[in-house]
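Using the hints provided, position chain R relative to the given structure of chain W.
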Amino acid sequence: MDDLIRDFLTETTESIGQVDNDLVALEQRPDDGELIGRIFRLVHTVKGTCGFLGLARLEKVAHAGENVLGRFRDKSLAPTTDSIGLVLKAVDRIKVIVAGIEQADGVELAGDDSELIAQLDAVYRGDTAESGKSAPSRPSRSTRSRRRAPRPLYRPREETSAADAAPEPLEAVEPPAALGITPAEESTPVAVPAKVAADNVPAAQSQVSGQTIRVSLDLLERLMTAVSELVLTRNQLLQALRSQDSAVVQVPLQRLSLIASELQEGIMRTRMQPIGNAWSKLPRLVRDLSVELGKKIDLQMNGADTELDRQVLELIRDPLTHMVRNSADHGLETGADRIAAGKPEAGTITLNAYHKGGHIIIEIRDDGRGLPVEKIKLKAIQAGLLTDAEAAQMSPQLIQSLIFKAGFSTADKVTAVSGRGVGMDVVRTNIERIGGSIELDSREGGGTAFFIKIPLTLAIVSALIVEASGQRFAIPQIAVSELVLARPDQVESLGGAAVLRLRDRLLPLVRLADALGIDRPVEAGKNNLIVVAQVGSQTFGVVVDRVYDTEEIVVKPVAPILRGLTVYAGNTILGDGSVIMILDQNGLAATAGRMDTDGATAETKTALMARGAGTEQLILFETAGDSTPKAVPLDQVARLEQIEAKRVECVDGRRIVQYRGELMPLVTLDPNAPVASSGNLSVLVFSDRGRSMGLLAERILDIVDVEVDLKMTSTRAGSSGTAVIAGKATELIDVQHFVRTAFREADVVLLSAAA
Amino acid sequence: MTQISVVPAADPAKVVSEYVTITLDGQEFGLPISAVYDILNEQRMTPVALASEEIAGVMNIRGRIVTAIDARQRLGLGKNKGAGSMSVVVHHKGEPYALVVDAVGEVRPIATDGVVKNPPNLKPEWAALCEGVHRLDSGLLLILNVDRFVGGVTSGQPG
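These protein sequence lines are chains W and R, in that order.
The numbering used here puts the first residue of the first sequence at 1, with every later residue one more than the last.
The numbering used here puts the first residue of the second sequence at 1, with every later residue one more than the last.
Excised from the complex, chain W in its bound form:
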């Protein structure tokens, strides 16, 4: 292919992509003269250049498009959705022709653009009403001959007779049907090679256009390995030649060192791409959907520069497109319905991408109608996915998650856009294939949010290197919120469970060596080095022996025979050449018996708790004169205190104690229960808006991690009900009630906990 044409293709693909997005923007701001000017210039350049290169077909389409844009620019014609749509069609056609030129090695493929050009010319001349509306059938002779001839690459849905009325009828040459040979258009200077069939032209952007080359991941992987080896060899060399002072050695060595580092960084970067690349087609998609569905849709994209592994990016592109389409079609209501529901007429679809909990999260959120629980339930029963009895027992969240099942669609009518029931299950399968997961959070009337979680496998991450019992491990930095050094007496044990009072919270502790089952002599009196990790809404501390440094690492998946060990997210080779296992904080939390390993948002967790369907960490305790164990959620307890009985004072019929320079009311579950007047009292301290309240307990029993299943709900104030915990009937305490009592308030929201 001629270099000139090659450059032209690259430039055109870039500028046409720009025009695509600019046109969508123009629809939002039809009065933006600068924008119109830019679009006009870009299309004009394309036209001018292809005239120069003798690409006649491309020139005609670009010319017709430019005419219309020229009228937008002169303000003699206001851009409407229809006219912009038509220009977009022209842009699409240009893309097809460009792809064709690339395919055919520099020459245009034959094709019929006359209808499109006629439509554009009709708009240019101002009779928009006729164009695209009346569609008398073409003469049958022509139709027949066309059927046997190579099909045009793209044909507008409605045929039009406006061609006849065009100023200069640009009648395309009807190629005669002969043995599949595609003759060139009259004006095309070079004959199209016979082997290239027009139908084979890929619409997708290909090699030359993006000014990039395709390199197989396998090759990148091999380069990566080679570079890692180079770095290791360099390190060995540095070690060996450290004692040599001679500049003859040191100078080149330093340069080698620098170059190796640069090379390593470069190779690492080749695998990464910003997620924005997968999003670039969405504005146009949403615009088209908006027209097709007659809804006003606003698309917002945040975090487009979040980098993803190339391969992962390719694999999530289609699921993302599908989900945005779904949100537009199912999620968002029509404008009228939205106004009736008190929402702004235009619906919003928001895409967010960010790092969280050692994963990349892609959030697709709409402010539409939400997932209708009852309707899904009904459909599921109809489809035989559920029995009535099963459905009755399921939490609304579980029911909503049925949309991920195969063959499920809640759409009443199948639209061209979606509703065929081959959607979300495919999305889920594709995401799970790359080791990710998908969750949803939906409120009826309030919109739906999908969270796609993609593991950090293959991504470059910064990791904290720690040591436990002589072995080193990497913890993804993203999960680490802080490092704490605690004296041995600061770590307390609650029935065997270690906790640390960190500021006003109780932090559950996991000893890394214990969690990994590594033998470790327990050193008494040693300070505890604690890595505070955050997994989802759960925070816990990991006790390690030593913290080294943070290192940038490439996470490599563990061998298949080690995949069963969920505690590891992968492994990597450190700078010194040793292999190190990377801990998966979710797996670690699970190993340690912690709750909420799936990274659910705080809201969904609270919602689960409210419905009695999630696991929860509870403190179990006994009160005086009552052998029934009581339970409160651990995350509501700020501290556990021992208070001398004699410090308790009685004021105005209330027990109070001086605590941290303030007066803290003390309550008992049973107002008439006796309170010991000597010795120490166990107090559970709850904090609310800067105030503290103490709940007197006889004895702290345990901290358990259980699935709370309320067996009996209670009507008695102060109790939310009874559940079986650790084999015993246990009363769940409604802390909020006691806070209200203590402060004699009618309504106090405590720690935004589940009410």
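Derived by calculation from the structure, the hints in this document are not laboratory data.
Take the hints with a grain of salt, since some may be wrong.
In silico SDA-like pairs for lysine to any residue, Cα to Cα no more than 25 Å straight-line [said to hold, decoys possible]:
#, chain 1, residue 1, chain 2, residue 2
1, W, LYS556, R, LYS79
2, W, LYS556, R, GLU95
3, R, LYS79, R, ASP137
4, R, LYS93, W, ASN430
5, W, LYS89, W, VAL291
6, W, LYS556, R, ARG44
7, R, LYS93, W, VAL215
8, W, LYS556, R, GLU53
9, W, LYS556, R, ASP38
10, R, LYS93, W, LEU223
11, R, LYS93, W, PRO557
12, R, LYS93, W, LEU440
13, W, LYS405, W, SER462
Values in this document were obtained by computation on a predicted structure and should not be read as measured data.
Okay, now just chain R, sitting in the frame of chain W:
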């Protein structure tokens, strides 16, 4: 890399396959040479906590992370009490694995018709991993099935 001596085939007319011989607890085993990618001396190994006994650890072999399988444990032979160990790198489903063995012997050409079935009284754990037995002058050589040897390794307790 260790020097491997090749013993010439006794009768070149017969169909022969070549096997790398390894020693485990005094017993000789044969691995088809086509499955063997590399032979290594003792390597620095990172243990994998929580993994099963059969997994010796992970190691860096020329920039690639290779999971090492303790071949003695795999055959229920207990820990290697001797000093040295060697590794044979094999591929299983496109992934490299290192089999940690006591010693690597020579490459032996073996006539395929010289391999007989496992004796019925062979330990079931061994019978599951061996394809047959070949009689050598020095003793018996058990032919290992690499896919089953590697594929059957369990991860250990799930995290």
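Against the structure, the hints:
1. W:LYS556 <-> R:LYS79: It is violated: about 29 Å lies between the C-alpha atoms, which goes past 25 Å.
2. W:LYS556 <-> R:GLU95: 12 Å, holds
3. R:LYS79 <-> R:ASP137: Cα-Cα ~28 Å, so violated.
4. R:LYS93 <-> W:ASN430: The hint holds at about 22 Å.
5. W:LYS89 <-> W:VAL291: 14 Å, holds
6. W:LYS556 <-> R:ARG44: Holds. LYS556 (chain W) to ARG44 (chain R) sits at ~19 Å (cutoff 25 Å).
7. R:LYS93 <-> W:VAL215: 23 Å, holds
8. W:LYS556 <-> R:GLU53: Holds: LYS556 (chain W) and GLU53 (chain R) sit about 23 Å apart, inside 25 Å.
9. W:LYS556 <-> R:ASP38: Holds. LYS556 (chain W) to ASP38 (chain R) sits at ~21 Å (cutoff 25 Å).
10. R:LYS93 <-> W:LEU223: With a Cα-Cα distance of about 22 Å, the restraint between LYS93 (chain R) and LEU223 (chain W) holds, given a limit of 25 Å.
11. R:LYS93 <-> W:PRO557: Since the Cα atoms of LYS93 (chain R) and PRO557 (chain W) sit roughly 15 Å apart, the hinted pair holds (cutoff 25 Å).
12. R:LYS93 <-> W:LEU440: Violated - the C-alpha atoms of LEU440 (chain W) and LYS93 (chain R) are around 35 Å apart, more than 25 Å.
13. W:LYS405 <-> W:SER462: Violated, at about 36 Å.
Consistency with the previously given hints fails for numbers 1, 3, 12, 13, ordered from lowest to highest.
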